[in-house]
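Okay, here's what each chain looks like letter by letter:
Number of protein chains: 4
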Amino acid sequence: MTITETECETTCIDVHSQLIYEVANAAEFQLQIAVRPLSQQSIESESVKIYHNDQQIDDSQWSEVAIPATENRCYRFRAEPGQWRIDYDAAVTKISQLQAGSHCLSPITSLPAEALPFLNPSRYCESDRFLQLAENQFGGLKRDDSLVEALENMVFNRTSYTMGSSNAQTTATDTYLSTEGVCRDFAHLLIVLCRALRIPARYTSGYLVELQPPDFHAAVEVFIGDHWQIYDATRLASLGGFVPIAIGLDAADVAFASFSGKVNMLNCTISAVARTSA
Amino acid sequence: MTITETECETTCIDVHSQLIYEVANAAEFQLQIAVRPLSQQSIESESVKIYHNDQQIDDSQWSEVAIPATENRCYRFRAEPGQWRIDYDAAVTKISQLQAGSHCLSPITSLPAEALPFLNPSRYCESDRFLQLAENQFGGLKRDDSLVEALENMVFNRTSYTMGSSNAQTTATDTYLSTEGVCRDFAHLLIVLCRALRIPARYTSGYLVELQPPDFHAAVEVFIGDHWQIYDATRLASLGGFVPIAIGLDAADVAFASFSGKVNMLNCTISAVARTSA
Amino acid sequence: MTITETECETTCIDVHSQLIYEVANAAEFQLQIAVRPLSQQSIESESVKIYHNDQQIDDSQWSEVAIPATENRCYRFRAEPGQWRIDYDAAVTKISQLQAGSHCLSPITSLPAEALPFLNPSRYCESDRFLQLAENQFGGLKRDDSLVEALENMVFNRTSYTMGSSNAQTTATDTYLSTEGVCRDFAHLLIVLCRALRIPARYTSGYLVELQPPDFHAAVEVFIGDHWQIYDATRLASLGGFVPIAIGLDAADVAFASFSGKVNMLNCTISAVARTSA
Amino acid sequence: MTITETECETTCIDVHSQLIYEVANAAEFQLQIAVRPLSQQSIESESVKIYHNDQQIDDSQWSEVAIPATENRCYRFRAEPGQWRIDYDAAVTKISQLQAGSHCLSPITSLPAEALPFLNPSRYCESDRFLQLAENQFGGLKRDDSLVEALENMVFNRTSYTMGSSNAQTTATDTYLSTEGVCRDFAHLLIVLCRALRIPARYTSGYLVELQPPDFHAAVEVFIGDHWQIYDATRLASLGGFVPIAIGLDAADVAFASFSGKVNMLNCTISAVARTSA
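So the protein sequences, as listed, match chains A, B, C and D. According to full-length UniProt numbering, the first sequence holds residues 1 to 278 in order. According to full-length UniProt numbering, the second sequence holds residues 1 to 278 in order. According to full-length UniProt numbering, the third sequence holds residues 1 to 278 in order. According to full-length UniProt numbering, the fourth sequence holds residues 1 to 278 in order.
Hints are supplied without guarantee of correctness; some may be wrong.
[Unchecked claim] Estimated spans, in silico, between C-beta atoms of each pair: (1) B:GLN40 / D:CYS268: 48 to 58 Å; (2) B:SER60 / A:THR276: 52 to 62 Å; (3) B:GLU114 / A:GLN83: 26 to 36 Å; (4) B:LYS142 / D:GLN169: 32 to 42 Å; (5) C:ALA168 / D:ASN267: 20 to 30 Å; (6) B:GLY164 / A:ASP89: 50 to 60 Å; (7) C:VAL273 / D:ASN157: 50 to 60 Å.
Simulated from the structure, these hints should not be mistaken for lab results. Predicted, not measured: the structure shown is a model, and the values here were computed from it. Just so you know, even glycine gets a beta-carbon here, dropped at the ideal spot from N, CA and C.
From just these sequences and the hints, can you work out the full model?
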């Protein structure tokens, strides 16, 4: 399912996440929950508050860092034992513009350099194992966005969305066999098929309006013509309401939280609401 | 084995690679064979010549592109059917400087942003599967460069260098079980252990003086203190003679050649020779 | 941990299992819950009752079959939709005899034919992947029961017993890496090491007195000298209280319940109690 | 492809295998090269000769053992260092009879006990990973031999026979993804699909008339109605010329040669020739 866009439509979306953890021994936190700054996505306001045992910590005690290759924003801090709560809020204006220009898939020799790493296999997207299979099934098709739609259709049709059917180590191979998964697995399977056919594809995490139950979501960006086009083979909600957080090769790069030390998640509350414009 | 360096020593190394392919149907080539530009490695002269059926093609028919995140240089061209030959030559001056500064391993919250992606698991380095194992065996050690040396020792001691014992899909897990591999596999296993212990580690391909038989080589760069330190658990030759080509998460990112289409390698000749200085 | 046996001691053990299922569409059931008839284990009394929607079905509606190679007993029936309950009870007298005879491991050419299949790799015990690793670590040891004890020690020492840490597809390779598992995984890892060293080893399910929480248990039988000796690397309870149900290559062969159709387990209650003798 | 049989036709086939090994340190050999005694396959004459450094060893120095569950015949001997040669010859009369009786697939509750183990997943046939995929694609078909033909068709159509495309650790999952393999891999893939659909299926090695290049071959026996029916998804030659050696869960059970110790195969010559009847 691709975004169907009307010319230059504007949507205002409020996103919120609250994460609560129990830390046994001192631990280091990295959080990728902040909205990604994009030309089509302007951050009107944003707030992050971090609490240790219900007391807000000083801004000097945590930092924000942006990863150069992806511009993913990452909050980092050292957490002493106790309960930790992170509250993130942002108001985002999405500007959807009709994607003009070519819908052809570029030959490898014409791809921009920044797209090349997204042709390679990655931890959960072993595209080197799908080369012949993808070629057999899709190699004869015209190389434009209809090919990507055919891949998205296949993933949607052969995969059941089943909560709890996969875990953190599940790869695209596993999903291809089990024929079930969650958003992460649908994304990995679509990515693997794209890359096996020499189409750059990357993983994007985000907030999604109207997702039920509310949670972080995952989708796929495919390089078509001269831009990254977003796809979501789960078809759970309109991508007009998708607010990207972080991009990467696959789920390994965009974990919303990673730690050293023994950390136990107590709660995770996510929301994304579209405001009716003033 | 780390580089043992004396203060500011200079070495001149001539590297050469010749690749010959048979192309059945029109194919697209990407080659990562050019020496990486680095502060410690100055490229004195460089030449790349590409031949189609023994006739050199015009420079307008191929291009060079540098991948932003890594600065890996990549030659690209479209190859019509026939025999293709690529000749690459470079004269490099390596400046080895005594690495001063800290030898401690940074906590995650102090790592520079560019190092963060190299903490994540990747296609051939499934570090998420090694977390507990690495913690059990090495979690109690002091977190400085002696920890990385302990890991390098372990990889060297438990792995036999055996030509033909692995293939393009072999992962660090496979190597950990089989206890044998080639340079690629030694590198993956060392990387997996570093990342499992929250130490950034990346894969680097390169030319290596005195490697027998001559071939492309692979080593590991580990982020220690404030710089990337090179390690080679194969211990096949002195790293003073290593001339880096490309870096990446693992072998998936630095393939010396990748193609679309049916391409058959006919020959591959590599050499790296240290010149006695004038 | 091997059974420590005194001469010809007799233990009476009452075992019980109750399984309750919800069947949506007509399904076929196979249950391996009945105690295995053995020379050292005499079944004093036994009862199996099967209920469909709380009404006991007639004995003509289910059957018992014994698998020739293993003598595993299997209850089979076709289940119409509704709730199904199976109650199994048995009173067993175990006769523990001091194992006399050789404690040497037989060379392959002297093994009895019935032991040979248990040298081969199986679904969850990929011993062909552990050959070199086992040889490196244990190849120099004397080939008698002290070698098996060394393997059992290794499995016990490097593996944490962690509920929920594995699933039905977890293999010995997974357990070797994750260093955690449940009884099934401890058994698979011990089996894999035995077979990699050319020692026949098989999986046995059973009831176990004093297991907390009560559940079906899994252990390993290793062919030593001229008999199958039982080992349990979990060391959760004395093997004097182990009442074997079924043997096989690994967990794939001894599932306590397998089905066609959509079947949902509602409850599973197990007990094994040693009677103080009269 | 099933055997197409005319009523009670008789074929005489001469089979031969010669294996030559270099043994560095004393090793133990197990060979499964002898024709399997079957009602439809009478062994008219048979000879096995074993040579150490070109000198035939005495019959007392090797033995034959039959594995109870499968009746596979196995030659065993201890081999001192040096060159070893094994010559096996047999003349076999195959009696092909029209398979009368049911062609329906039995429900699990009606299967004979001996067929039950061949419903379980095994080392190279991870049928537990294919349950949903097989159900989605074939679950709606009539459960008779036309279902098995549909499976055989699928394996034949999606898999390329490619020498050297797999190795000893390749599983059915690997073959399903790579879409290529040799006879072993075609057999594993057909077995996996049968078992995933609750149809007993086993692996059989054998000699095959007209196989090019001559080699040991692998096929599949599927339990249909009341007998094991043979299938070969490679379709390389008529199964009328197939002379079974050994059966098992998969290739792990029927290796034509297994060893302890360092053994190097120098040569392997196989032939199977149909005699024009007198």
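Here is how each hint holds up against the structure:
1. B:GLN40 / D:CYS268: 48 to 58 Å: Given range 48 to 58 Å: holds, Cβ gap about 53 Å.
2. B:SER60 / A:THR276: 52 to 62 Å: holds, 56 Å
3. B:GLU114 / A:GLN83: 26 to 36 Å: holds, 33 Å
4. B:LYS142 / D:GLN169: 32 to 42 Å: Since the Cβ atoms of B:LYS142 and D:GLN169 sit about 39 Å apart, the hinted range of 32 to 42 Å holds.
5. C:ALA168 / D:ASN267: 20 to 30 Å: violated, 44 Å
6. B:GLY164 / A:ASP89: 50 to 60 Å: holds, 57 Å
7. C:VAL273 / D:ASN157: 50 to 60 Å: With Cβ atoms ~57 Å apart, the hint holds.
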